[in-house]
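Q: Use these hints to put chain B onto chain A, whose structure you have.
Those protein sequences? They're chains A and B, same order as listed. Heads up: the first sequence begins at 1 in UniProt numbering, then just goes up one per residue. Heads up: the second sequence begins at 1 in UniProt numbering, then just goes up one per residue.
Hints may contain errors.
[Claimed, not checked] Derived list of chain A stretches under chain B, where covered just means 3 residues or more per stretch with a C-beta under 8 Å from a C-beta of chain B:
#: 1; region: 72–79
#: 2; region: 426–432
#: 3; region: 545–556
[Claimed, not checked] Capping the alpha-carbon separation at 16 Å, the derived lysine to aspartate or glutamate pairs in EDC-like fashion look like this:
#: 4; chain 1: A; residue 1: K358; chain 2: B; residue 2: D491
#: 5; chain 1: B; residue 1: K193; chain 2: B; residue 2: E115
#: 6; chain 1: B; residue 1: K180; chain 2: B; residue 2: E145
#: 7; chain 1: A; residue 1: K591; chain 2: A; residue 2: E645
#: 8; chain 1: A; residue 1: K414; chain 2: B; residue 2: D491
#: 9; chain 1: A; residue 1: K215; chain 2: A; residue 2: D155
By construction, these hints were calculated from the structure, which means they are not laboratory data. Using N, Cα and C, we set each Cβ at its ideal position, and we do this for glycine too.
Chain residues, written in single-letter form:
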Amino acid sequence: MSRECAMLLPRVCAALADPRQPGSDDTCLEKMLDWFRELAAGEPTVKLLQDNPCLTEFFTSMLALPEPNPSVLAFTLRLAGTIAALEGCFQHLQQQKLLARLFGEDGPLNSIVWEDASVRSGWVEGVQSMLQHQPALHFMCNGGGLDVIFTLQGDPSLFVASAASRLLVHMLTLSVGPEMTVPLNAKDCSWPPCAQMIIKHIEDSLQSSSASHIKQSLKLLTILFGSCQAPWTKVLWLGIAKQVEFFLTEDSVQAQHMLADLLLNMARSPVFHDAEGNFWASVTSALEHLTPVQAGPLAVGILRLRQCPQDVRIQALTVLLQPMDCILRAASQPLEYAGLLDESVSDPSAVESLLSSKSSCANLLCQTLAHLEELLSVTCLPVDLPYASLLHSVLTILQFCNGLLIPASPLGSKISQILIGCFRVQRSALDALAALSDRKCCDTVIGSLFDILLAYLESPNTSPTVLKKSFQATSKWLAHLPGMSFFKNQGQTEKTLQDVFLVLQKRLCSPCWEVRDSSLEFLTNLIECLRDQDEFRQSLLSSEVPKLTENLLEDPESYVRASAVTAMGHLAFVTYFFAPESPVTGNQYNKENTMAKLQEILSTDPEGFPRRAVMSIFTMWLEESCTGQLEETEQFVSRVIQTAEHDLDWEVKLGCLELVQVFCIHMFCQFGLPECPYAPVSPAVSSSNHQDEPLRTFCRTNLFSFLFRSLCDCDKPVGQKACDILLALKSHFCRSSVIDSQGSGDLSAEHSIPWLQRTLRQGSLAQNFPTDGGNGVDFQDPESMMLALRTIDLEELHDALNKCSDHVEKSPQSLLEDILATVATTEENEADCY
Amino acid sequence: LFQYCLSGHPTLPCNVLKFKSTTIMLDCGLDMTSTLNFLPLPLVQSPRLSKLPGLVLKDGSTFLDKELKECSGHVFVDSVPEFCLPETELLDLSTVDVILISNYHCMMALPYITEYTGFTGTVYATEPTVQIGRLLMEELVNSIERVPKAQSASTWKNKEVQRLLPAPLKDAVEVSMWKKCYSMPEVNAALSKIQLVGYSQKIELFGAVQVTPLSSGYALGSSNWIIQSHYEKVSYVSGSSLLTTHPQPMDQASLKNSDVLILTGLTQIPTANPDGMVGEFCSNLAMTVRNGGNVLVPCYPSGVIYDLLECLYQYIDSAGLSNVPFYFISPVANSSLEFSQIFAEWLCHNKQTKVYLPEPPFPHAELIQTNKLKHYPSIHGDFSNDFKQPCVVFTGHPSLRFGDVVHFMELWGKSSLNTVIFTEPDFSYLDALAPYQPLAMKCVYCPIDTRLNFIQVSKLLKEVQPLHVVCPEQYTQPPPSQSHRTDLMIDCQPPPMSYRRAEVLTLPYKRRYEKIEIMPELADSLVPLEIKPGISLATVSAVLHTKDNKHVLQLPPKPAQPPSSKKRKRVSDDVPECKPPKPLLSGSIPVEQFVQTLEKHGFSDVKVEDTAKGHIVLLQEAETLIQIEEDSTHIICDNDEPLRVKLRDLVLKFLQKF
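Chain A with its partners taken away, still in its complex shape (with noise of 0.2 Å):
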């Protein structure tokens, strides 16, 4: 600590424990508290209260007040345990006998305010700050502590009771320790007196009739074997194994849904892996016992693990599929479609049953869709999903939703009933369907996706989020069909291509500007995917499509504007960069035409968002190389910065230096200079006349003047990005020119360039930057520059700015200022109030 500290923390202490000051701001409580643990950890020892006295003091004088404020006396708990988590500092406290009153019976637990829940819930969190140790165990054992945390498991406050679980459960791991050995059976185990009572609690309340402690032991269980995986887990397992197994069957204690959570996190434990006590039988059992909807969790996380027996595995799949084989079956005529499964692990009466209650289809769908799409976004799932049915499944669903599907049973008229038009099963089932699109799936069904997808766009009772679905399940799919066996068909592919753009042509005109928006993104999607595909290239060319893009560009909604930009930004690739032969548009999307558009909304359009996108398309075009010759890349990368320099808005600027660091690369790269700074360079390339150019092209592009006036920029990321920018390119020049650096002080006088750091110092160049002559700096002049780069400290700089803006107000001192700051001014109101 400090000493400026150490002389502060008495009068904070005193200032906190004076009953007449208002409760302290709880930030700056825990704030402290984060500082005190950090002291704590730096040195370990009693040294801590005994160059502190204030802080024993500071217990005391909490303790002796008859009515003390519930947050400052909750903060004292905690600190009391943080710092008696050092042993030293225990025993010191203990000494002073003042452990009995904080954490004791002596102590606020049995006050009034033991009441107030956030006192309660510092008992708690300082009790396990200070469990790191096994005489703070024993002071808690033995005093009668573990019967107050059992009873604060029932807690009104679900934040206590929470606490209070997994308080107790470190208090086991704490009291068992890592050494334990384990024995054969449960019986023979020789616990630890402390795990011996917690153990014992947790037995007693299984076998109460109590549903409330039944649950809270199960959440106790829950806990444990989430974070402890020790062996000797297996033999608290044994004890309990039946009980558990009681519950799955019998529905009195409605606590099912909890059962899950158990078994999964057992599940995960390496503890459990082998196939010895009778684990999976239980797991094996929930799956048939509890409802699809409570089971789906622990289905999918048994899917996801490595180390499983295949039976459980397979089962586990099967009460996911459930409900998908459910609809399939609902769907078709008996003996037309055979479903998913052979057979199922429940009662597929309990599946039908849920799927035709209003209530709950639309919940248990829309569970088992997204545990679907969770699976499938794992890349080496242990088992295989039946990726045709599954599809033919989610198909099915959307199909109900918006009525197309004539449903053969009782039951799929039902399901019907209760689907058409539900939105929430909508999106599920689209997003179910977009993440197969990565599996491969049998080629016959692609054509009545797409009709299916069709349908979906067209239809004007679409709402705007499920269009929005629509088109990204879509563009998945259509992203995956060059690889398809459907896309040698050219004429399905033509008509498919032709229909999606037909819709877009319509959507693009929405009134609705999310729609607008939305297409946009579709659009843009699909030319990042298919850019390369002829068959895609030509339908799009010959749709309304680019031409309605551009329209959008004047759209009244900024975000549209925003999205029209990229997505003009990508059709250029398609409709002159990569496409030398222009086939049908004739000259009206030429480059000339859509830069020059582009320049004119960077520069006039009033909103952020459209200029930000142009800048990212500029900065694209650029690393793809599409901004033409060298000379026209030089005057494109001028007329940009030009522009983007005056912008007001910080993220255009911090795009435009992503520009001027992609146009930097490309340089170096076309005069044979290596990117990266550090590689070697070869002898061939590193005549003056290679290294010069690209500097003299900087020069002329106004680049420095742009990289100098963004460092003192009032936004911080933009001055951060022009110091790494500079940086590159001093280490660049400078290495390259070793030689040339000599003479430098004559030049500094008269370039000013000892101006230019100390403006630079006092961060107001953008201020005082000298439009032309005078005292200032040449940033045209490349020798000039070359000076700048090598004078200038910019590593200094970089670590300036790289500081947190609050690094001065963030120390200790601070904080304890800013507590006996917040106690003058309470005093200083109060005088005022005579």
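A: For chain B alone, kept in the frame of chain A given last:
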């Protein structure tokens, strides 16, 4: 409670309710789908239509070629279009006491009812309903009358001939009842019988029932009606909407506690969400105009057009359509646009508040001011000078059989750049387009129907909980084209009672009570007697006076005085002779005490016999029987009147008199 169903069209209803001696007609909608069987009436000579070939039968012979023409495989009657009227034979319409109109679309048959059936009653409707209804009728009459047709076809209606015709003419029902359009004098005469009403106004009908219009949220001035007596309540829900469009929102609360709820006028396109359709309308309009094409919107001159113009007002700038002219052509275009702005009290809250700013409630005023929307009475005159393309034209009639729309169909039909967008749901767009085939013009079907859909109905019924629901049979089964959509029908408990055209329903409700008033003087004279705790009885002797379906109990007239003068005795003064009423007796006779009393009064040989119903007291000496039963007492003695009177008085001592 009877309901006569005169129309089979669920959204153009015409029902007659017989309720407590009143005969109430609920709406008189006119089914205009019959006009689809006729050739369009072109405003200017159409070479294409006039050259259409006559009908050729299978054997190659021509048939009725003056009356029937063929176009792209469809047969049309070449005559003035005719309309299918509500049933007029099911009951004598001259007995109808009142007609209640729910909205301007449901009154188009009014002149046929009021001017042709001997109707002498009153019609009730709100002011916007009447004014806009008049505009619709005026437009209809005008569109048909300005294109006089020399010939009138009627031979095809002959049943023997009709049988030979191809569908759909062969299957057209009751063609003999189809009528030509009424005239303007008839419209005026019909409208003069209307009495204006306001929402929640209570109108007494002959003292028997009370009718009240409630806002239905569907159109300007549209109403649902409550028809109630003291103990019965019938709600008539026709054309209601829960969407936030321009009219005042629907009043649902007042529909609660109905014994019977008659439900008509639900959306005709339950699968189309109006918001989605408006989006579709805008997108298609913009796409057409951007490609240099014209857009034709066949529509009514009032209603959804106000909402469409409002949407376009917000959309045209964003879609870059500011320079595209919008034309609204109708003989009543001007009145319609202006009327909409003056019915502030009938508008939704948002629009009402605008009036106080003061601003016009509908933004089409601004469209007109800025010359973006122009309106003309017809294509002749100013319009032909101002007409610029590409443009958007709103005009009638949505059936495409008459009105200015026929001209634009002929003019623009040949180019695939143009689009016709159907927004009115009343006509099948394919049937409407049939006489224009082959057609190059694009056709888009965006029916916008804001009336209740089945989900909303199910919520409404849950909310208002009527005892019984009565609805057209179409609402009790899925639409024929989508038989699997069981969600597209009314689902309620008990299941709704359905009706079809020309059916008479006995509504499932029996009247059980009637209210009778009692005059204060008479009430004063009553002496109630408590016979059980909380229950008192009094005998009432009064005269029941019934007039105007009100029943009043009055004091009975005093006993007739002997005539003071013998000279004159007028028959009219003769009041019914009225004896003072005998008192009523109650109570029971305790046999033992009665016997004791008899003995006290000197009857010594009293014997009592028990019978199944009571007792018999025998006075042997006097040869007299007193039969005492639960509800009667008889004294049987032969020719000894004094003894009988004595015994009677003894019996009466045990009973209470009142």
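Q: Holds or violated: K215(A) with D155(A), Cα cutoff 16 Å?
A: holds (13 Å)
Q: Is K591(A) within 16 Å of E645(A), Cα to Cα?
A: Given pair K591(A), E645(A) is violated - Cα atoms ~24 Å apart, limit 16 Å.
Q: Does the alpha-carbon distance linking K414(A) and D491(B) stay inside the 16 Å limit?
A: holds (13 Å)
Q: Hinted pair, alpha-carbon criterion (16 Å max): K193(B), E115(B). Please report holds or violated.
A: holds (10 Å)
Q: Would you say the region 426–432 of chain A counts as covered by chain B, given the rule of at least 3 residues with C-beta under 8 Å?
A: That given contact is violated, which follows from only 0 residues of the region 426–432 of chain A lying within Cβ reach (below 8 Å) of chain B.
Q: Count the residues of the region 72–79 of chain A whose Cβ falls closer than 8 Å to any Cβ of chain B, and tell me whether that reaches three.
A: violated (count 0)
Q: With the threshold set at 16 Å, check whether the alpha-carbon distance from K180(B) to E145(B) stays at or below it.
A: It holds: about 11 Å lies between the C-alpha atoms, which stays within 16 Å.
Q: Holds or violated: K358(A) and D491(B), Cα atoms, limit 16 Å.
A: Satisfied, since the Cα-Cα distance of roughly 14 Å is no more than 16 Å.
Q: Okay, the region 545–556 of chain A and chain B, do three or more residues pass the C-beta test at under 8 Å?
A: holds (count 6)
Hints 1, 2 and 7, counting from the list given before, are not met by this structure.
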